[in-house]
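S.K.: Keeping their order, the protein sequence lines are chains W and P. Number 439 in numbering that gives the first Met the number 0 belongs to position 440 of the first sequence; there are no gaps in the numbering. Number 557 in numbering that gives the first Met the number 0 belongs to position 558 of the second sequence; there are no gaps in the numbering.
Keep in mind that the hints were calculated from the coordinates and are not lab data. Keep in mind that a hint or two might mislead.
As the list makes no split between identical chains, a pair holds if one copy fits it or if it spans any two.
As the list claims (entries may be wrong) - Taking lysine to any residue pairs in the SDA-like style, the calculated list, with each CA pair at most 25 Å apart, reads:
1. 292 x 161
2. 292 x 163
3. 245 x 28
4. 12 x 459
5. 20 x 9
Protein chains: 2
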Amino acid sequence: MYLENINSPADLKGLSLPQLKGLCAEAREALVARLSARGGHCGPNFGMVEATVALHYVFNSPADRIVFDVSHQSYVHKMLTGRRHAFTEPAAFDAVSGYSEPAESEHDNFVIGHTSTVVSLACGLAKGRDLLGGSENVIAVLGDGSLSGGEAFEGLNNAAELGTNFIVLFNDNQMSIAENYGGMYAGLAELRRTGGQSPCNLFRALGLDYRYVADGNDLGALISALTEVRGIDHPVVVHINTVKGKGFAPAEADKETYHYCAPFDPVTLRPLAADDAPDYADLTADYLLARMKDDPSLVAITSGTPTVFGFTADRRAQAGPQFVDVGIAEEHAVALASGIATRGGHPVWGVYSTFVQRTYDQLSQDLCINDSPATILVFWASALTMNDVTHLCLFDIPLLSNIPNLVYLAPTCLDEYMAMLQWSIGYTGHPVAIRVPVGVPEHTGRTYVPCFDALDTFETVRRGSRAAIVAVGSMMPAAMRAAELLADYGIDATVINPRFVSGVDAQTLDALRADHTVVMTLEDGVLDGGFGEKIARFYAETDMRVVLRGHRKEFVDRYDRRSLMQANRLTPELIAADVARALAAR
Amino acid sequence: MYLENINSPADLKGLSLPQLKGLCAEAREALVARLSARGGHCGPNFGMVEATVALHYVFNSPADRIVFDVSHQSYVHKMLTGRRHAFTEPAAFDAVSGYSEPAESEHDNFVIGHTSTVVSLACGLAKGRDLLGGSENVIAVLGDGSLSGGEAFEGLNNAAELGTNFIVLFNDNQMSIAENYGGMYAGLAELRRTGGQSPCNLFRALGLDYRYVADGNDLGALISALTEVRGIDHPVVVHINTVKGKGFAPAEADKETYHYCAPFDPVTLRPLAADDAPDYADLTADYLLARMKDDPSLVAITSGTPTVFGFTADRRAQAGPQFVDVGIAEEHAVALASGIATRGGHPVWGVYSTFVQRTYDQLSQDLCINDSPATILVFWASALTMNDVTHLCLFDIPLLSNIPNLVYLAPTCLDEYMAMLQWSIGYTGHPVAIRVPVGVPEHTGRTYVPCFDALDTFETVRRGSRAAIVAVGSMMPAAMRAAELLADYGIDATVINPRFVSGVDAQTLDALRADHTVVMTLEDGVLDGGFGEKIARFYAETDMRVVLRGHRKEFVDRYDRRSLMQANRLTPELIAADVARALAAR
Chain W
0 MYLENINSPA
10 DLKGLSLPQL
20 KGLCAEAREA
30 LVARLSARGG
40 HCGPNFGMVE
50 ATVALHYVFN
60 SPADRIVFDV
70 SHQSYVHKML
80 TGRRHAFTEP
90 AAFDAVSGYS
100 EPAESEHDNF
110 VIGHTSTVVS
120 LACGLAKGRD
130 LLGGSENVIA
140 VLGDGSLSGG
150 EAFEGLNNAA
160 ELGTNFIVLF
170 NDNQMSIAEN
180 YGGMYAGLAE
190 LRRTGGQSPC
200 NLFRALGLDY
210 RYVADGNDLG
220 ALISALTEVR
230 GIDHPVVVHI
240 NTVKGKGFAP
250 AEADKETYHY
260 CAPFDPVTLR
270 PLAADDAPDY
280 ADLTADYLLA
290 RMKDDPSLVA
300 ITSGTPTVFG
310 FTADRRAQAG
320 PQFVDVGIAE
330 EHAVALASGI
340 ATRGGHPVWG
350 VYSTFVQRTY
360 DQLSQDLCIN
370 DSPATILVFW
380 ASALTMNDVT
390 HLCLFDIPLL
400 SNIPNLVYLA
410 PTCLDEYMAM
420 LQWSIGYTGH
430 PVAIRVPVGV
440 PEHTGRTYVP
450 CFDALDTFET
460 VRRGSRAAIV
470 AVGSMMPAAM
480 RAAELLADYG
490 IDATVINPRF
500 VSGVDAQTLD
510 ALRADHTVVM
520 TLEDGVLDGG
530 FGEKIARFYA
540 ETDMRVVLRG
550 HRKEFVDRYD
560 RRSLMQANRL
570 TPELIAADVA
580 RALAAR
Chain P
0 MYLENINSPA
10 DLKGLSLPQL
20 KGLCAEAREA
30 LVARLSARGG
40 HCGPNFGMVE
50 ATVALHYVFN
60 SPADRIVFDV
70 SHQSYVHKML
80 TGRRHAFTEP
90 AAFDAVSGYS
100 EPAESEHDNF
110 VIGHTSTVVS
120 LACGLAKGRD
130 LLGGSENVIA
140 VLGDGSLSGG
150 EAFEGLNNAA
160 ELGTNFIVLF
170 NDNQMSIAEN
180 YGGMYAGLAE
190 LRRTGGQSPC
200 NLFRALGLDY
210 RYVADGNDLG
220 ALISALTEVR
230 GIDHPVVVHI
240 NTVKGKGFAP
250 AEADKETYHY
260 CAPFDPVTLR
270 PLAADDAPDY
280 ADLTADYLLA
290 RMKDDPSLVA
300 ITSGTPTVFG
310 FTADRRAQAG
320 PQFVDVGIAE
330 EHAVALASGI
340 ATRGGHPVWG
350 VYSTFVQRTY
360 DQLSQDLCIN
370 DSPATILVFW
380 ASALTMNDVT
390 HLCLFDIPLL
400 SNIPNLVYLA
410 PTCLDEYMAM
420 LQWSIGYTGH
430 PVAIRVPVGV
440 PEHTGRTYVP
450 CFDALDTFET
460 VRRGSRAAIV
470 AVGSMMPAAM
480 RAAELLADYG
490 IDATVINPRF
500 VSGVDAQTLD
510 ALRADHTVVM
520 TLEDGVLDGG
530 FGEKIARFYA
540 ETDMRVVLRG
550 HRKEFVDRYD
560 RRSLMQANRL
570 TPELIAADVA
580 RALAAR
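Input sequences plus hints: build the corresponding full structure.
M.R.: Structural data, given as structure tokens:
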């Protein structure tokens, strides 16, 4: 009855405090409606309902700039800025993304999906304002989990230098995705305990003014605090103490599970697509836990996403000191791994493809120049996983495979993956990254010897003639199916599993020249800077025709996964057709 | 008379305090001897003489692990760990690198050359020790400038979690390369003013124990403080207040100039190779300063290295608020630039090729997904600049050119560079990076129209037939010279300036197929993931032979620049020979 009348933040301004509280209740109902149907970031949004209403009540977006870190707490902001239908009307649920998106609304300043960037981005808005003579407020909304990322510190340290209006709304819900890790969290707890009075104050130590709101879900208190800092002439942090999942009982009770949720039944709370079968993450954690019992030097590391490789709370407890969560600090994770390996330990860092991007320099400098034998497990590297533009998992091959010393392996199935994982932990020659397959783990029945010491050696899976398909990792099933289809046309294709994407097997590739005229490469990643280009380069001075198949260099958003594979001609039928056409052209 | 007897840290242990002070004086003489002859990091080492002697007096390296951030203050450590000849014997000056190097000595734990990594690396040593049941001390030596990098914060935040022996020696010389920037420096000043008693303590706020040494050049005080924390059972920061350049008058007087010095006359202090001719950095700063006068929205940004694009102290003063130094915080710099551009400003970030590596994710997420029109000037991108393994400037093309939306330009000469710079500041289509040429800026006499709106269009500089050379940026003079040499053989080569390294010009490349059979690509960068591979991919399904020339994917260290160019066949003579050979093979 309130929300239905909110078409822009202006519609909030006339409401009384009780009416605004009614709006908060309705916003929570809308959150349940959309989250149960579509899934999404759950706990962070419930905790930020009052603060978001207060922000839009006190400030005048879009003139005033409000920027939400990582966008995990921006759903209510979307509801209040002309996009309420996407939360109340099932037919419109897909009309907005789960992240800030300027294309949707002038109230969104940036596309944001990776953590810890908001203070820096907002500093830019403030600096631009100051150069151009503007007078608007700039507000950066930062979570306590995000504070563990180094860029957030860089931002806060620099914000203090602005000397002009800049407001950091620090949403302290005492949780990252899982628990928070790091020494600063004791200091934040002390600030909460003392009502913001503790003299040992991280924000003040960074040169910032500071206010504290003890109940960050008390709308009246929030409005007072924000009104007080509106138009302030210097940088200030407003620290609000909120309850993650506030007002949605299951999310309050189990904060880690409900940080992000898959679609669920709003009554029974059961996930709509229950799937208890172990996936690659579970199998990885179980394998590592078993190994840890015999090897005290084996240690699993996460940068704030423990379940990426199956380390749920119970498995973390089993691993004890052999599991380390460094917070959302990928750079630290890589350097830590290098140090552990240098001291004789066996570190294994599990990370999503989209987040491995956050640490190129540490991979190059701390890990690879030092040639420290650590294992990096890159998960979800495929167009078939996350399809938000900020979470694309398509750039890991260009990023990792062109760093000297790093061995990047791409297993084609569960058995080969487990063999590579086993090998990598004992291997001391170089750092090893593994592109973990995606989808349902399947045993192929083949036995893989866990020895990959012979670097950059490809495996010929099927020996034919005329055309060869070199299929990286999880493209192998499509390649094998394409070979079957080609057989129907009378073409007996060779299929090669390169295993290594960080180098080429000159012997195998040279040998193909005897009786092949076409080589097709397949990779579920961007072509530019990727594996196929290495093959094209290898054959560049020969007669071999190389047909490269992978993804175009582009930022795609919320794409249909099958359509993208089709558009980039990565289905068995199109692969077969393209091989046949290339052969016909010879 | 002391130094000559120090062959390992054990030889320090028997010396008295006055004798150790004598050793410090001799170490300073040795620093002057080598620095005047070879150049290197000057100020940081003079300030750390006493602390380094104290470290090796109190701790037992290599059993105890001492790790120096960025290695800028590790020279005295090298002198005391069996490498004194490299500082006292001119014939041995080249025997050690300017950075930590395990290949030189068991007392060096890592190869380190990029800033802010030491706490994380040392955390790894400590974690490995704890897993394996060791008992040694782990000491991370961190400078105040390095503290502005986010990874240092990530490390400190996580160090607190170790709960075991871990010592951060925080060397506060009140300077970065230039001045320090950031809100935390006021807090550090307050700690110095209060003798470490200020309750607002950044380190304590991060959960770390803390000690303060008021005179960090007082050997006795340092020995006492370090002895007190030796064997400590939890993480502690020992904050020492030192004088950058201590004991070397010119370095004390001009801390920025003497952070790093080129070889100089030890008596007159004049640089041995005086060069007052304006270089690309000077010309860039002068151009930007001139533009700033008419455009208040134009702002130059540096991440701690202002002179990379000519912003010396006097030019910084001229720019006023239109120049921003964010400290050694590349990630913040990129996000800041994106924010400024979003608010309508024109940001220009100048950065060394080796350091642009530190911000891949921010380039992708904060800048390119948002398609914010900022300019990035990438300096020294060539094998002909820095040749230390930690400072290679060869990886920027793979890193930048494969990010969607980013336009990466490679000008071939001064005039083209200035045209591209001018265009980029007004261009609002995409973010633009420019690979600034290296070497002496030369006018070619050609006029370049400052319009590059037609993206990915190559320019044919010389139209011949049969063979074409596509030369990226500063490889153009070698390509033109090779074309002259080929003319002597009766080969009339085409020479193409691609201008854009982030895309290919299908029309120009297709047209070559009419009367060319060989295309050679030249890039002064690693081949893997680079420009040549894009050309190889373009022609992969055609008859065209593509010969790729660039650098091998490898970590080379202190290489001879000419030899490397020769080894990778990037000289005019070898280019001409290889083109002729490829033509002959057709």
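S.K.: Now tell me if each hint is right for this structure.
M.R.: Hint check results:
Within a single copy, residue 292 and residue 161 get their C-alpha atoms only as close as 52 Å, which misses the 25 Å cut-off; across copies the closest is 21 Å, which meets it. Only between protomers do residue 292 and residue 163 lie at most 25 Å apart by alpha-carbon distance; the minimum there is 22 Å, versus 55 Å within a single protomer. Proximity of residue 245 and residue 28 under a CA criterion of 25 Å is satisfied intra-copy only: 12 Å inside one chain copy versus 65 Å between copies. When the C-alpha separation of residue 12 and residue 459 is checked against a cutoff of 25 Å, the pair qualifies neither within a copy, at 69 Å, nor between copies, at 62 Å.
Taking CA atoms no more than 25 Å apart as the test, residue 20 paired with residue 9 passes inside one copy only; the shortest distance there is 17 Å, against 71 Å between copies.
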